[in-house]
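Residue numbers (the working numbering), protein chains in the order written: chain A, 356 to 538; chain B, 94 to 473.
No lab work stands behind these hints, which were simulated from the structure alone.
Idealized CB from N, CA, C, for every residue including glycine.
Certain hints may be false.
[What the hints assert, rightly or not] Ranges between beta-carbon positions, derived for each pair:
| id | chain 1 | residue 1 | chain 2 | residue 2 | range |
| --- | --- | --- | --- | --- | --- |
| 1 | A | Val415 | B | Asn120 | 27 to 37 Å |
| 2 | B | Leu408 | A | Thr485 | 51 to 61 Å |
| 3 | B | Gly380 | A | Leu481 | 55 to 65 Å |
| 4 | A | Val415 | B | Thr115 | 52 to 62 Å |
| 5 | B | Ala292 | A | Thr485 | 50 to 60 Å |
| 6 | B | Gly258 | A | Pro508 | 20 to 30 Å |
| 7 | B | Gln472 | A | Val501 | 57 to 67 Å |
| 8 | B | Ser118 | A | Leu393 | 56 to 66 Å |
| 9 | B | Gly380 | A | Pro508 | 56 to 66 Å |
| 10 | B | Asp156 | A | Ala529 | 26 to 36 Å |
[What the hints assert, rightly or not] Where chain A lies over chain B, by a calculated footprint (3+ residues, C-beta under 8 Å):
| id | segment |
| --- | --- |
| 11 | 153 to 163 |
| 12 | 244 to 256 |
| 13 | 296 to 302 |
| 14 | 313 to 320 |
| 15 | 418 to 428 |
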Amino acid sequence: MKRSRRIKLTMLGASAIVLTACEERVETQVYETVEQCLANVEEHPDDCRRDFESARATHVETAPRYTSQADCEAEFGDGRCEAGPAGQQTEAGQGGSFFMPVMMGYMLGNALGRTSMAAQPLYRPLVNGTPGSFRTPGNVDVGSSVGRTSVRPSAVNAPVANAGQAISRGGFGARGAATGTGG
Amino acid sequence: MERIGLAARPDWRDTAAEAGFTFHSENGPYWDETAAYRFTLAQVEEIEEATESLESLCYQVVDRAVGDPAVLDRLAIPRGFHDLVRRSWTDRERNLYGRFDFSYDGGTPPKLLEYNADTPTSLYEAAVFQWVWLEQMIGRGALPRGSDQFNSLHERLVESWKGVGVVGDRLHLAGVMDAEEDRVTVAYLADCARQAGFATEEMDVAEIGVTAAGDFVDLRDRPIRTLFKLYPWEFMVREQYAASLLRRSTRFIEPAWKMILSNKGLLALLWEMFPGHPNLLPAFFDGSEHGLAQPFVRKPLLSREGANVEIVGLLDAEDGPYGAEGYVVQQYAPLPRFDGNYPVIGSWVVAGQPAGMGIREDTSPVTRNTSRFIPHFIQG
Chain A
356 MKRSRRIKLT MLGASAIVLT ACEERVETQV YETVEQCLAN VEEHPDDCRR
406 DFESARATHV ETAPRYTSQA DCEAEFGDGR CEAGPAGQQT EAGQGGSFFM
456 PVMMGYMLGN ALGRTSMAAQ PLYRPLVNGT PGSFRTPGNV DVGSSVGRTS
506 VRPSAVNAPV ANAGQAISRG GFGARGAATG TGG
Chain B
94 MERIGLAARP DWRDTAAEAG FTFHSENGPY WDETAAYRFT LAQVEEIEEA
144 TESLESLCYQ VVDRAVGDPA VLDRLAIPRG FHDLVRRSWT DRERNLYGRF
194 DFSYDGGTPP KLLEYNADTP TSLYEAAVFQ WVWLEQMIGR GALPRGSDQF
244 NSLHERLVES WKGVGVVGDR LHLAGVMDAE EDRVTVAYLA DCARQAGFAT
294 EEMDVAEIGV TAAGDFVDLR DRPIRTLFKL YPWEFMVREQ YAASLLRRST
344 RFIEPAWKMI LSNKGLLALL WEMFPGHPNL LPAFFDGSEH GLAQPFVRKP
394 LLSREGANVE IVGLLDAEDG PYGAEGYVVQ QYAPLPRFDG NYPVIGSWVV
444 AGQPAGMGIR EDTSPVTRNT SRFIPHFIQG
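Turn these sequences into a full structure, and let the hints guide you.
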């Protein structure tokens with residue numbers, strides 16, 4: 356036989372490019388504040404605080420970055436963006452101002468049963484004008500519920516630090532704009 | 094090889110919508126299942142063998158070109174990028190896919206018209222929608238059981254992503270996302286990559302950023318470690334970020350050495366090295382004493398979708414923006430004609446292996462952006 360035996364497409368249904376329904380899930384916990392975590396008697400108070408601090412530190416390194424506050428707020432909502440830390444060095448050793456969404460929650464690291472796993476800061480980009488579900492710095496959707504929850508395995512990947520702020524965009528694409536480039 | 098009139102599935106538009114095939118009628122009819130081409134297995138095997146042998150000849154051309162700056166000059170590859178091309182080859186950066194376009198009538202050996210080695214499209218419809226068509230046609234009794242298709246594209250793409258050399262924690266895929274055909278091609282390849290186990294991020298090429306150090310980053314300032322780009326190398330080396338390509342901090346798919354193959358000068362180089370090969374047409378760089386009798390075809394070194402192609406002595410040039418970098422001339426091999434239509438066979442290679450076929454058809458002897466896609470099947 357000259358042809359494929361079976362074609363499985365996760366893009367079946369153009370709008371549902373990512374199929375999550377039958378994907379394996381991982382148990383974790385999501386909180387908006389340390390207080391919520393502390394109210395969960397099963398958690399050790401030290402873990403709550405330590406994970407929160409760890410997520411705060413990771414937030415500075417991995418939050419989505421924007422060159423203007425307006426660009427950031429367009430995605431996360433008015434008043435939900437903050438200036439990046441002043442004087443933070445980019446990879447090239449040059450400082451630069453940037454904006455990032457405020458941390459809207461955090462996902463516990465220790466709850467994943469992997470002691471080496473970092474806690475993750477969480478963000479809530481707008482969906483139809485209101486804050487949508489929680490997302491990791493890697494933009495993985497971890498749902499809207501607070502407390503015990505399950506997430507896609509890709510959500511627990513260690514967040515990748517930003518490479519350094521883009522000093523420009525749009526340096527590719529001028530020749531192929533609109534018409535496409537395939538042959 | 095035969096062109097057979099068939100009844101279109103009454104619900105094919107719904108099936109297309111379900112399968113994410115959104116551009117079937119963008120500039121007039123594109124997907125056309127009122128006909129199909131029937132091949133014998135022997136004919137398909139002839140196309141398969143031609144594909145395999147040409148792919149290996151192409152590697153020999155690359156091998157020669159990277160060692161000879163004069164050849165890279167003839168292909169209009171800017172001097173500053175010769176070393177990038179050479180190193181991508183000597184470092185054995187793997188390629189993912191490409192499409193040979195053949196003139197073939199079912200009887201004489203397939204003749205290479207051109208090689209779309211860098212940014213081929215019409216992939217999704219060949220890999221998926223034509224496959225679904227055959228499944229349904231057999232299932233509904235419109236084609237006999239046992240009908241087959243030269244099409245293992247999907248399986249091979251998924252498998253080949255694993256070996257192509259993706260580095261980093263995610264694969265970025267960029268294209269001109271305003272162009273529906275490009276967007277779907279990128280989405281489809283991303284889908285195959287996810288099935289191969291990679292995290293993916295799709296973006297517009299214009300969203301690529303550079304840091305002060307000159308490294309490429311995505312919209313969230315995450316490093317782009319591996320980038321599949323449905324965007325031609327010949328554009329990239331002439332655009333604003335060209336210098337950052339030299340840092341080699343991003344692994345590109347297709348690799349830079351594909352610049353040698355995605356250039357019509359390849360046709361002249363192939364003929365120079367393998368004159369008389371049964372799957373090649375005589376071809377020469379323009380301006381040389383080629384001795385081709387009219388009509389012959391004149392093609393810009395860098396051209397897409399039939400733009401600026403002229404059949405000298407027969408047909409004026411198609412309009413288009415290409416030609417500044419020079420031309421090749423190629424002996425005119427009339428396309429076979431079936432019921433007033435001129436089909437071109439697109440024969441796919443994935444990771445160096447023949448992987449399937451898609452047929453484009455036009456009422457003009459120059460295949461263009463508006464040519465229709467006609468499904469095929471194997472019987473006999």
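Hints, verified against the model:
1. For the hinted restraint 27 to 37 Å between Val415 of chain A and Asn120 of chain B, the CB-CB distance of approximately 49 Å leaves it violated.
2. A C-beta distance of roughly 58 Å is found between Leu408 of chain B and Thr485 of chain A, which places it inside the suggested range of 51 to 61 Å.
3. Distance hint for Gly380 of chain B and Leu481 of chain A: a CB-CB separation of about 58 Å, consistent with the stated range 55 to 65 Å.
4. A hinted range of 52 to 62 Å for the beta carbons of Val415 of chain A and Thr115 of chain B is inconsistent with their spacing of about 40 Å.
5. For Ala292 of chain B paired with Thr485 of chain A, a C-beta distance near 27 Å fails the hint of 50 to 60 Å.
6. At roughly 23 Å, the beta carbons of Gly258 of chain B and Pro508 of chain A sit within the given window of 20 to 30 Å.
7. The given range of 57 to 67 Å is respected by Gln472 of chain B and Val501 of chain A, whose C-beta atoms sit roughly 60 Å from each other.
8. The beta-carbon spacing between Ser118 of chain B and Leu393 of chain A, approximately 59 Å, falls within the hinted interval of 56 to 66 Å.
9. Between Gly380 of chain B and Pro508 of chain A the Cβ separation comes to about 59 Å, which falls inside the hinted range of 56 to 66 Å.
10. Under the hint 26 to 36 Å, the C-beta atoms of Asp156 of chain B and Ala529 of chain A, about 33 Å apart, fit the expected range.
11. Counting residues of the segment 153 to 163 of chain B whose CB lies closer than 8 Å to any CB of chain A gives 0, so the stated coverage by that chain is violated, three being the minimum.
12. Coverage of the segment 244 to 256 of chain B by chain A holds [criterion: at least 3 residues with CB-CB distance below 8 Å; count 5].
13. A stretch counts as covered by a chain when three or more of its residues have a beta carbon under 8 Å from one of that chain; for the segment 296 to 302 of chain B and chain A the count is 6, and the coverage holds.
14. Check result for the segment 313 to 320 of chain B against chain A: holds, 4 residues qualifying (beta carbon to beta carbon below 8 Å, three or more required).
15. Residues of the segment 418 to 428 of chain B lying with their CB closer than 8 Å to a CB of chain A number 0, which falls below the three-residue condition for coverage.
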